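A.B. asks: Work out the full structure: start from the sequences and follow the hints.
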Amino acid sequence: MRKQTMNRDWIATARTLNEALPYLQRYEGATVVIKFGGNAMGDDAAMESFARDIVLMRHVGVNPVVVHGGGPMINEMLAKLGVESDWVGGKRVTDAATVEVVEMVLAGRVNKRIVQAINAEGGRAVGLSGKDANLMVCEPTDPRLGFVGTPVEVDPFVLKRLAEAETIPVIAPIGVGRDGETFNVNGDTAAGAIAAALKADRLLLLTDVAGVKNADGQFVTELTAMQIRDMTREGIISGGMIPKTETALSAIEGGVRAVVILDGRVENACLLELYTEQGPGSIIRQG
-3 MRKQTMNRDW IATARTLNEA LPYLQRYEGA TVVIKFGGNA MGDDAAMESF ARDIVLMRHV
57 GVNPVVVHGG GPMINEMLAK LGVESDWVGG KRVTDAATVE VVEMVLAGRV NKRIVQAINA
117 EGGRAVGLSG KDANLMVCEP TDPRLGFVGT PVEVDPFVLK RLAEAETIPV IAPIGVGRDG
177 ETFNVNGDTA AGAIAAALKA DRLLLLTDVA GVKNADGQFV TELTAMQIRD MTREGIISGG
237 MIPKTETALS AIEGGVRAVV ILDGRVENAC LLELYTEQGP GSIIRQG
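Take the sequence shown: its letters are residues -3 to 283, numbered as in the working numbering.
Hints may contain errors.
Claimed, not checked - Derived lysine-lysine pairs resembling DSSO-like cross-links, with alpha carbons at most 30 Å apart: (1) 76 to 108; (2) 127 to 76; (3) 108 to 87; (4) 209 to 87; (5) 108 to 195; (6) 127 to 108; (7) 156 to 108; (8) 127 to 156; (9) 87 to 127; (10) 76 to 87; (11) 156 to 195; (12) 127 to 209.
Stated by the list, open to error - Distance windows between CB atoms, simulated: (13) 93 to 149: 23 to 31 Å; (14) 222 to 85: 26 to 34 Å; (15) 25 to 283: 21 to 29 Å; (16) 195 to 228: 18 to 26 Å; (17) 20 to 129: 45 to 53 Å; (18) 25 to 108: 26 to 34 Å; (19) 238 to 214: 16 to 24 Å; (20) 85 to 153: 19 to 27 Å; (21) 222 to 22: 21 to 29 Å; (22) 57 to 174: 20 to 28 Å; (23) 57 to 108: 24 to 32 Å; (24) 204 to 57: 28 to 36 Å; (25) 264 to 230: 46 to 54 Å; (26) 253 to 91: 34 to 42 Å.
Calculated from the structure, these hints are not laboratory results. In this text, all values refer to a predicted model and were calculated from it rather than measured experimentally. Built from N, CA and C at the ideal position, the CB exists for glycine as well.
C.D. replies: Here's what the structure looks like:
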């Protein structure tokens, strides 16, 4: 007989699983919307790790809903096809030619890559866009920006049916207009609108920073909606963090219990956020 010695790593793993039990129980049956984007999307190892986390969440009773971006891939394809873009106020104008490329990249290449990664890890994922089953009906955000849309109606029917079938939806942020137009929707905005429609327990916004910073430049782990508004008014929250915190506030007002802005570059970021006492991001509640 082979004698087996207890490895310290095994003991640590068992202890971690034991400590995770209350959190596993807490999130059983919960809906968690995850906005996936940033550098992790372009890295094969990070994509594989993210997919494995999503599959694990599904296996322990969470209903994950993945919404993704894909800005760098869009830029790459536009350049390859020679499609030139105009800009208004630092934002790309999405004309008819551009929106065709956006839909091709987001609902095609990017979406199916994420679906394939999740399925390869033993999950059961399906790819959708906001046009499927009128999931996300939009109106123009600003007429000057062309086919850039803001969700005004989100019908979560198909997402609820997929959850009942233990299937993971992966959603490209493409919306449909009232007259059948195709709209390009900001990924964070789409995730927030979908999370609100589902009354999700959590919305996780994966980004390339560790969270929200205070006036001293330190990352804050817990914030209320009122604190976010005050920090924005005082200029503490600025630049690219403003759209993310605005998405968080809209989602909370729409019925999401809490929103977390966290660093998607951290390995197992979603699992750390849900199943440990101190996650790696900034959690925002109504407070």
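A.B. asks: All hints, please: hold or fail.
C.D. replies: Here is what the structure says about each hint:
no.: 1; hint: 76 to 108; verdict: 20 Å, holds
no.: 2; hint: 127 to 76; verdict: 26 Å, holds
no.: 3; hint: 108 to 87; verdict: 27 Å, holds
no.: 4; hint: 209 to 87; verdict: 25 Å, holds
no.: 5; hint: 108 to 195; verdict: 26 Å, holds
no.: 6; hint: 127 to 108; verdict: 16 Å, holds
no.: 7; hint: 156 to 108; verdict: 21 Å, holds
no.: 8; hint: 127 to 156; verdict: 16 Å, holds
no.: 9; hint: 87 to 127; verdict: 23 Å, holds
no.: 10; hint: 76 to 87; verdict: 20 Å, holds
no.: 11; hint: 156 to 195; verdict: 11 Å, holds
no.: 12; hint: 127 to 209; verdict: 36 Å, violated
no.: 13; hint: 93 to 149: 23 to 31 Å; verdict: 27 Å, holds
no.: 14; hint: 222 to 85: 26 to 34 Å; verdict: 29 Å, holds
no.: 15; hint: 25 to 283: 21 to 29 Å; verdict: 25 Å, holds
no.: 16; hint: 195 to 228: 18 to 26 Å; verdict: 25 Å, holds
no.: 17; hint: 20 to 129: 45 to 53 Å; verdict: 31 Å, violated
no.: 18; hint: 25 to 108: 26 to 34 Å; verdict: 29 Å, holds
no.: 19; hint: 238 to 214: 16 to 24 Å; verdict: 19 Å, holds
no.: 20; hint: 85 to 153: 19 to 27 Å; verdict: 36 Å, violated
no.: 21; hint: 222 to 22: 21 to 29 Å; verdict: 25 Å, holds
no.: 22; hint: 57 to 174: 20 to 28 Å; verdict: 38 Å, violated
no.: 23; hint: 57 to 108: 24 to 32 Å; verdict: 27 Å, holds
no.: 24; hint: 204 to 57: 28 to 36 Å; verdict: 30 Å, holds
no.: 25; hint: 264 to 230: 46 to 54 Å; verdict: 34 Å, violated
no.: 26; hint: 253 to 91: 34 to 42 Å; verdict: 39 Å, holds
In terms of the numbered hints stated before, the structure departs from hints 12, 17, 20, 22 and 25, listed from lowest to highest.
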